[in-house]
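Asker: This is what each chain is made of:
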Amino acid sequence: MVKLYHAVHRSQNGKTLRVCLSVEEGKIVQAVFTGDFFAEPSESLIRLGEALKGVNLRREDLEKAVSSFLRRERVWLLGVEPKDFVEVILKAGKV
Amino acid sequence: MERWRLLDVEWPDKPYYNLAVEEAIALAVEAGKAPNTLRFWRNDNTVVIGRLQCVSLEVKLRECLNYGVKVVRRFTGGGAVYHDLENLNYAVSLRRPTLIPGDDVGLGFRKVGEAVALGLRRLGVEACFVPVNDLQVGGRKISGMAGSLLQGLLFIHGCLLVGSNLEVLSKVLRIPREKLESKGVKAPRARVTTLRDEVGRSLSMEEVKEALALGFEEAFNIKLERGRLTSWELEKAEELYREKYSTVEWNLGPCVFCPERDKDLKILRQIASEK
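First to last, the protein sequences are chains E and Y. Take 1 as the starting number for the first sequence in my numbering and just add one per residue. Take 1 as the starting number for the second sequence in my numbering and just add one per residue.
Everything hinted at is true.
With a straight-line cut-off of 27 Å between C-alpha atoms, the simulated BS3-like cross-links for lysine-lysine are:
(1) Lys179(Y) x Lys83(E)
(2) Lys3(E) x Lys60(Y)
(3) Lys94(E) x Lys179(Y)
It is worth saying that the hints were derived from the structure and are not from the lab. Here the structure is a predicted model, which is why all the values come from computation and not from measurement.
Excised from the complex, chain E in its bound form:
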């Protein structure tokens, strides 16, 4: 069964990162990140959500998937760091 989650996480820089997440059998089905931080190109945020499809809700798996995507797509971030994406997903998954 697909379960829906939402979480809000504050970065060290005081920015808000939200995730809306759907999960089936411990794996991400869909993830949408939103918030008041800065990212270029802005479309890459949607692609990050897509790239996480099928990834286990485990810290190591998420860290690997997030950092390799951000590096590959040369995403520029201000106000949040790669680890914040991992934190917000884990927070959502815990609820």
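The hints should help you fit chain Y onto chain E, whose structure is shown.
Answerer: Just chain Y now, with coordinates in the frame of chain E:
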């Protein structure tokens, strides 16, 4: 000394068009069709949300409908803000390479913040830049900035609370509990201030714009010259208005999850159709 164009062009009752003009200017400067530009402008009774925000999660859309508040998404990141005629927007479009090291957006916020602070000093207010993108007076926010780095352009804009109605702001925006807790305050009203409150007298918008313009000239070592929108910019603005800023798809955004999405789409349509 480098000369920048100073634009004082606004459509306060047409926020979708105002934002379209904002991007048209940026694109014109990026394409070398217009010089580096500083624009002053206002919206009336409008919530402007950041490029990466979910409108359903950040804005109380039904309250917006009640208060006649329009909702529009901008092309830069950052957080949701409330604009009325007592809020002044400033926008800087700089063709790359700029004098800001690495054309870095974060350093851009600092530099533009410095320019605004120099302007405010002329009005007797001491403001300081607080990273990532705020200007504060005595620990309270008076101005927030947002920006974008395009291939050929560094773009920074911000809004300055001259005397805005902060009561409406707290009624139409959803402030996450996590944000309020981290700021150590219960209500958003407690962490912002207005220029009028700080100066302790009424100020004309002209006076504020003049002070800010001098602040920009000083900080960037440039000369501002009053100009107007080019026909290219006007055409581009029409196109962006039609195809982007006036559409509910753009303003609703990418969050396909929201259970209320269909309802929110209808409210956004209703908000857009109200005069």
